[in-house]
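*Asks:* Given these sequences and hints, build the entire structure.
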Amino acid sequence: MSAPIATRPQFAGQRIKRLEDPRFLTGHGQYVADIQLSGTVHVAFVRSNYAHAHIKGINAEEARKDPRCFAVLTGAELAQAKVFLPGAQNAPLPALAIDEVCYVGQPICAVVATDRYAAEDLAETIEVNYDPLPAVVDTLAATQPNAPKANLAFPTPGNVFFHMEHATDGIDDLFADPQVVVVRQTFRTQRQTGMPMETRGIVASWEPGTASLTVYAATQMPHGLRDTLAAALHLSQSKVRVISPDVGGGFGMKAPVYPEDVVVSFLAQQLGRPVKWISDRREGILADTHARDGLHIAEAAFSKDGLFLGLRDHMISPAGAYPLGLSGAVAETVLATLVLPGPYKVQQYAWQIDGVLTNTTPTGTYRGVWGPAATWVQEGMIERAARQLGIDRVEIRLKNMVRKEEFPYHSVAGVVYDPGSYQESLQLAMEKIGYAGFEEERRQAAAQGRTLGLGIACFIEPTAMGVMGDEPLTVPNDVASIRIEPSGQVIAQVGISSHGQGHETTVAQLIADQLGVDVQNVTVLHGDTAAVPYGGGTGGSRSITIGGGAAILAAQELRQKVLQIAGHLLEAAPEDLEIADSTIQVKGVPGRTVTLAQVAQTAYMLPQKLPQGVEPGLEATKRYTPPPITFSNGCHAAVVEIDRATGAVKVLRYVVVEDCGKMVNPMIVEGQITGGVAQGVGSAFLEQLVYDENGQLMTTTWMDYLMPESTDAPKVDFGHIETPSQNPGGMKGMGESSLIASPTALVSAVEDALGVWVGALPLTPQRVLALAEGRQEDAGA
Amino acid sequence: MVIPVETATITVTVDGRPYTATVEARKTLADFLREECGLTGTHLGCEHGVCGACTVLLNDSAVRSCLTFAIQADGQEVMTVEGLAAPDGTLHPIQQAFWENHALQCAFCTSGFLMTTYAFLKENPNPSEEEIRETLTGNICRCTGYQNIVAAVADAAARLRGEKHTQPVGGV
Ligand code: FES
Ligand code: FES
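Top line first, the protein sequences correspond to chains H and D.
Residues in the first sequence are numbered consecutively from 0, following numbering that gives the first Met the number 0.
Residues in the second sequence are numbered consecutively from 0, following numbering that gives the first Met the number 0.
One side of the interface only, derived from the structure: several residues of chain H facing chain D at Cβ under 7 Å:
{"no.": "1", "residue": "Leu24"}
{"no.": "2", "residue": "Thr25"}
{"no.": "3", "residue": "Arg280"}
{"no.": "4", "residue": "Ala677"}
{"no.": "5", "residue": "Met706"}
{"no.": "6", "residue": "Glu708"}
{"no.": "7", "residue": "Ser709"}
Hints were generated in silico from the structure; no laboratory data involved.
No residue lacks a Cβ here, since even glycine has one placed at the ideal position from N, Cα and C.
*Replies:* Okay, structure coming up:
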């Protein structure tokens, strides 16, 4: 990097309490629902009750006549105004349905009224006249030749809208070789959704004087939303400002731009007053992007002594009725192809992807995206091979893992693994979970009639994506703009956008170390396109590595300038200076000091005192572009107990060894992990979006969709290994690994306890009971 | 058909201050607090009584303000998250414990957890971890995995019993 880390880190690496917390603890966070602009009117949506139908007519007469009504908007009117939701090329989702609806919950019509209660009253009076069409709900059924078309506007053979495949030379020969042992399993993940506690919401306000739009939205990517809204409404990007205020979680679900965003913004422009929509939970479950629901038909070839020689995976993944944003059908599969071999040195590799349209809610990204299934596949194959070949589960993993001296490692999937600690993480996790003594523990428990199992999930997490291709699809870098104010206070504007990750603290820690100021003197601003330079927001475990990297670079540049000016004022060489507590001192000469405030005041107000050639001002903007992928790695291990009477699974111990490079704030790292492990419990045992055969979603409340609760979540015991990355500060991303590995660790523990194989999620108590009773219901699904 | 909407004029004392407003009979206490009182610290996560984000105290008992009508609180005392800290801004020991234990991430659930904890520790000042976890099943958090919330509640209990010195606000 351009300059070495100049100070001994005082804040990075410390468990610093979060600077943003006081406002939240006192109820003074400002979420989008809390934004109250005067004159605001409220939107409710009329949504499709049918999974597939023609719309014959819409009767909104009663609503339009109601004095509380400000507007009713239909798809036809939007189309007339040439307003559309940009993005999906091959099957664009109209912002409001025009003559065909393709999933239950699809927005058809928007009604604007004095308040949310009135808007909902009026929505109920609007009659939509449907002509039902055949619907196809199950992904595999949709691919059958005579299956109904899920989306008549975009008919494709077998409803497959997206296909890719790849194979290394020689893979067929490998699988045909009688000397190799082949293990097979179909892995089916259930449909889920990110389910942040805060629903989606948007407040849009049109300023007629400047013909500009200001939007407050619960989004992970303010600039992405701004660009899309500008395109949708035919406005210049300079006339749209998006503010992402405090955001109550996202988990990938708040990354895309949704039809409601376009509709509400258009209505604000039309009505010339603020328009607000706050999703309720039921419509959120219907209309937020769903995720997972993929099928991996996998087989793996091993040598008799346990070498992982080859892997084949046919991925079949639903997009729902339309690809929306980065469709789950694409994101979960294409990205999986990069990491399916996992930490193992697989030599032959083949994959096929079929993305399928079905009459279900569009799918998108949910924390971990491709990772949970890819980890399940690679670990599932290893486990099956171990049992079949009679090799120890840990032994076979160690034997196949990339070793320390083999980094950087070029994987068969065409990506480069930067240095990590694959074997070391597994070994540490096994030590902490008590692998060596587990068989004895299991025997003792069995003697008391208790059934225990131990699960293992080694993982790699691809984080902080840099340049991945020639299409301008994502922002492969991020930015920090840092100013030192005349008071010596530091303000940083960053392109990443926190929605719970604690960037106001972690980015401040990084900057404080470079500038020799207290972390409390650094204010981090984010989430406002009018206040921060163009950035990629937060998602894909990118923020601390890329955004934090940019912050380090900008702070280093500023530090040089501070030292240069201070050196001039103190008549000393910059190399002879040090900064601490906002004071610059000649090393070893306590009396010769100047404060950061004095340097800053000189920089802004006394340019005549600056060294020659030094520009006035104390500000720096830097952008950091990381390598294509920075890989974190680690290992999860779980010991579970199965209640053979009820099918309940209790997690007795849970260990996470995480290597995410240099940790900026271990407290926040661990918080991310405990959160992801709880979500993994949801994925393994609880959560499932269920459609009936007509495409009605049956799980639209939290009574039906089971969220992990405090008694479900295990207590996590941590091990940390820090293999620094090449990025400034040595960081790697880590926001998703906990959910990438935890479902597999838990499933693996159940398999180990019962001596069965699992091919579908979630493992409900009924299914655990069936497996415990030897009913091998779903091996192979 | 214009739906007839009944209204009533009510007075509710919130965090020690009376608020009088004419509200629709169907208006929830949560919406009353957020819209009529301007107290937006009470959050709505599900609006169907499962998540506990909207928890407030009604005459000292924890209730879900999304399932309570504002008119049910007429003439009663409500305490919200905004009423927890001392008037001079000093955090309540429960708030302090949540802060120091990193028991919040996106913080959307936090107000509900704080109010549930406040009511719980009044009833049970020395709870076991199991009792804490059992009580917290009425509140959902998607971010933290509960581990630090459970630790914070135990820590808060210790502070309220006077076993742990409460540190001043603002320290790192
Ligand atoms: S919002 Fe009241 S319980 Fe969820
Ligand atoms: S901190 Fe985000 S839901 Fe609890």
